[in-house]
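Peer 1: One letter stands for each residue in the lines below.
There are 2 protein chains.
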Amino acid sequence: MASKRCVSIIGSGNWGSTIAKIIGLNVLQMESFEDKVGIWRIKYFHMKVRMWVFEEIINGQKLTELINKEHENVKYLPGVRIPPNVVALPDLESCCHGADVLIFVLPHQFLKKTCQTLKPHLKPGCYGCSLIKGLNKVPGVGVSLLTDLIRDTLNIPCAVMMGANLALEVAKEKFCEATVGSLDPSQGLELKELFETPYFRISVISDEIGAELCGALKNIVAIGAGLGEGLGYGENTKAAIIRLGFMEMKRFIFQFFSKRCKYHDFLIFGRSLHPLSKIPVALCSPQESTFLESCGVADLITTCYGGRNRKIGFALATTDKSVVDLETELLGGQSAQGVLTAADVFEMLHGRGLEAEFPIFTMVHRICQRQEKANHFIECIKHHPAHKCAYHCFEKN
Amino acid sequence: MASKRCVSIIGSGNWGSTIAKIIGLNVLQMESFEDKVGIWRIKYFHMKVRMWVFEEIINGQKLTELINKEHENVKYLPGVRIPPNVVALPDLESCCHGADVLIFVLPHQFLKKTCQTLKPHLKPGCYGCSLIKGLNKVPGVGVSLLTDLIRDTLNIPCAVMMGANLALEVAKEKFCEATVGSLDPSQGLELKELFETPYFRISVISDEIGAELCGALKNIVAIGAGLGEGLGYGENTKAAIIRLGFMEMKRFIFQFFSKRCKYHDFLIFGRSLHPLSKIPVALCSPQESTFLESCGVADLITTCYGGRNRKIGFALATTDKSVVDLETELLGGQSAQGVLTAADVFEMLHGRGLEAEFPIFTMVHRICQRQEKANHFIECIKHHPAHKCAYHCFEKN
Numbered sequence: 001m002a003s004k005r006c007v008s009i010i011g012s013g014n015w016g017s018t019i020a021k022i023i024g025l026n027v028l029q030m031e032s033f034e035d036k037v038g039i040w041r042i043k044y045f046h047m048k049v050r051m052w053v054f055e056e057i058i059n060g061q062k063l064t065e066l067i068n069k070e071h072e073n074v075k076y077l078p079g080v081r082i083p084p085n086v087v088a089l090p091d092l093e094s095c096c097h098g099a100d101v102l103i104f105v106l107p108h109q110f111l112k113k114t115c116q117t118l119k120p121h122l123k124p125g126c127y128g129c130s131l132i133k134g135l136n137k138v139p140g141v142g143v144s145l146l147t148d149l150i151r152d153t154l155n156i157p158c159a160v161m162m163g164a165n166l167a168l169e170v171a172k173e174k175f176c177e178a179t180v181g182s183l184d185p186s187q188g189l190e191l192k193e194l195f196e197t198p199y200f201r202i203s204v205i206s207d208e209i210g211a212e213l214c215g216a217l218k219n220i221v222a223i224g225a226g227l228g229e230g231l232g233y234g235e236n237t238k239a240a241i242i243r244l245g246f247m248e249m250k251r252f253i254f255q256f257f258s259k260r261c262k263y264h265d266f267l268i269f270g271r272s273l274h275p276l277s278k279i280p281v282a283l284c285s286p287q288e289s290t291f292l293e294s295c296g297v298a299d300l301i302t303t304c305y306g307g308r309n310r311k312i313g314f315a316l317a318t319t320d321k322s323v324v325d326l327e328t329e330l331l332g333g334q335s336a337q338g339v340l341t342a343a344d345v346f347e348m349l350h351g352r353g354l355e356a357e358f359p360i361f362t363m364v365h366r367i368c369q370r371q372e373k374a375n376h377f378i379e380c381i382k383h384h385p386a387h388k389c390a391y392h393c394f395e396k397n
Numbered sequence: 001m002a003s004k005r006c007v008s009i010i011g012s013g014n015w016g017s018t019i020a021k022i023i024g025l026n027v028l029q030m031e032s033f034e035d036k037v038g039i040w041r042i043k044y045f046h047m048k049v050r051m052w053v054f055e056e057i058i059n060g061q062k063l064t065e066l067i068n069k070e071h072e073n074v075k076y077l078p079g080v081r082i083p084p085n086v087v088a089l090p091d092l093e094s095c096c097h098g099a100d101v102l103i104f105v106l107p108h109q110f111l112k113k114t115c116q117t118l119k120p121h122l123k124p125g126c127y128g129c130s131l132i133k134g135l136n137k138v139p140g141v142g143v144s145l146l147t148d149l150i151r152d153t154l155n156i157p158c159a160v161m162m163g164a165n166l167a168l169e170v171a172k173e174k175f176c177e178a179t180v181g182s183l184d185p186s187q188g189l190e191l192k193e194l195f196e197t198p199y200f201r202i203s204v205i206s207d208e209i210g211a212e213l214c215g216a217l218k219n220i221v222a223i224g225a226g227l228g229e230g231l232g233y234g235e236n237t238k239a240a241i242i243r244l245g246f247m248e249m250k251r252f253i254f255q256f257f258s259k260r261c262k263y264h265d266f267l268i269f270g271r272s273l274h275p276l277s278k279i280p281v282a283l284c285s286p287q288e289s290t291f292l293e294s295c296g297v298a299d300l301i302t303t304c305y306g307g308r309n310r311k312i313g314f315a316l317a318t319t320d321k322s323v324v325d326l327e328t329e330l331l332g333g334q335s336a337q338g339v340l341t342a343a344d345v346f347e348m349l350h351g352r353g354l355e356a357e358f359p360i361f362t363m364v365h366r367i368c369q370r371q372e373k374a375n376h377f378i379e380c381i382k383h384h385p386a387h388k389c390a391y392h393c394f395e396k397n
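As given, the protein sequences belong to chains E and A, one line each in that order.
When you line the first sequence up against the numbering used here, it's residues 1 to 397, in that order.
When you line the second sequence up against the numbering used here, it's residues 1 to 397, in that order.
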């Protein structure tokens, strides 16, 4: 009988708490399946799932204690029961000690510090899976992957789980899908086992890079979709913004994160390419098919029709307020991820004189910074380079 | 100086009238451009654009006469000015006599009869462009392309123009995009010149088949999206339905309309493959990239968030009424194209035992026919074959 494997969840916002619920129930179900049916089955995972919680005091009580007593994250996911085998811990070290699988689901600004704290306490052979949507700003260079921060700091492989997943809907068990990107098939399939439920279906792909980048870049497009709505345009225009934004996502990902790209040296430098996993470099390129997975087109659609980034885009078009004021007013001070991502991506494009190739990314950033009027947005799309591609198809033939 | 080329528009619903406005203004602008700027330019198109109108009596007056007097299609596109160089004609023969470009934009049930009437009156060297979204039912075989009906009956090449284009928004000059699919580059670029405006951007691709089929099949998916909404599911679920439907569209198109498909013989029989244009068969396969054009993903999104098919899907989930009753009640007796398309596609799948491979197409049809309860819809998606594809990516590597 194989020894039980341990899962730790690093983060406890609404998405972290939702995933804790899912993983907690999944490992419980594997136990009870054996007990009830009475047939032999490896008890693959340890029943206890640890969740690291940034300690806060809620009405005089510690959040970790509240979660462990009420089995509910009263602050970030009220009304949803978290199974009792999920244990909230305020201390990172004791949360992750001996863990085989580390699920990263914390705000990206805390990732670096968290990894540094974790580093001396990792179990050999463990791996990570990031659920964080964002990019790592590298001053003077542009952006790199958040998972590379994990890989480089901790020297472990790191998969991702991305998809069209508004946390509250998943928490309410409304059917949806997600994508696990994992270069290592055995890790990918283990993650599928941990995450999948009848209402939450997981596809596993090998393209970690494409999946992660789609999850970050779609937020910029969602601001654009909100801008279009705020300017009074209808469904056709919105679909055009989504499609053209999708083309920019694809282009950006292939141009900057493909092994064949002209920034090759930067990438080899910027990515550790799984030093431990001996997987050939060739596999580390983004793949076309990723864009049609849940992490690609589906996540983009959801984000452009709901969510915070669209809301900020709408408000940017209908008011004169700054992004900071709008975040305070509309999002209770939470940041719209797309604003930060657009700024980092813009730095990367601007440094290389590529603004004209990415008009949506560029204009969204400039409008967020109030350097450009919102009503110039549609004008810039009318001359989108994707419309010129028209002729290429004939040249190829 | 080249002789002027003539354009005729066959059909005058809201989409036909919108396109008449665009083409009418475009050919006028080419004229006035020369006159005003005073530089040499071929007057490429004849100023007069003929539009065939199925004659109706509106308040005692003929619709053609009303259009030609008021320069407005008071019945199908009220409030939008059609330029005076667009001339409405009730007689098909005089409408199309001498035309070089025939724009087909009529309800698909009238197409066959119209082509038969036209056949003896065509100008040699003319070609068609279809804006009709639907499929041609071939009893005992399944479905073929509406453009093949045009090609086979008239023995002319036929391009398509498809995209995320709700007619009323285009008529109001809200920015959007469309895709021209044309195997013949010169015809494709001529169509771009006729259709494109600053608010209506055209990409030209060579994949006629893929573009046309996306335009027909997306209506089935839109009924599915409406079902999901009607059943009370949220944005995540809707994005999953759209994505899984998109995968079925892709699979259907490649499986039945690819040169490499196992129904190869049927296709060669079913498609005339441009007997006049001498274009090699190899080019007649659908292409991956088509799905990311406006005719693919963008049209699918628009249709799933607005439009008649989504509305019917919603009503199927929230009432017990038949499709026919719902069409009467909600669409003033107009049919939801997706219901017909789903029936034809189902016949094709059923005859080959492929229902399980296409659960959305299959369930939408069965729910439309009230053979299956609407609330079984999500259950069927939970076991969608696209989720199994997960493992293939590893096998390939």
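Read the hints as simulated data drawn from the structure, not as lab findings.
Treat the numbers as computed from the prediction; the structure is a model and nothing was measured.
Hints are not guaranteed to be accurate.
Quick list of in silico lysine to aspartate or glutamate cross-link-like pairs, EDC-like style, CA-CA up to 20 angstroms [unchecked claim]:
1) A:K172 with E:E379
2) E:K48 with E:E288
3) E:K382 with A:E173
4) A:K382 with E:E193
5) A:K137 with A:D152
6) A:K311 with A:E288
7) A:K48 with A:E193
8) E:K382 with A:E379
9) A:K382 with E:E196
10) E:K172 with A:E379
11) E:K373 with E:D325
12) A:K382 with E:E173
13) E:K382 with A:D152
Some chain A residues close to chain E (C-beta under 8 angstroms, calculated; not the full set) [claimed, not checked]:
14) R5
15) V170
16) P198
17) S203
18) T237
19) A240
20) S294
21) I378
22) C380
Even glycine gets a Cβ: it sits at the ideal position worked out from N, Cα and C.
Peer 1: Hint by hint, work out which the structure violates, then give me just those numbers in ascending order.
Peer 2: 2, 6, 8, 13, 14 and 22
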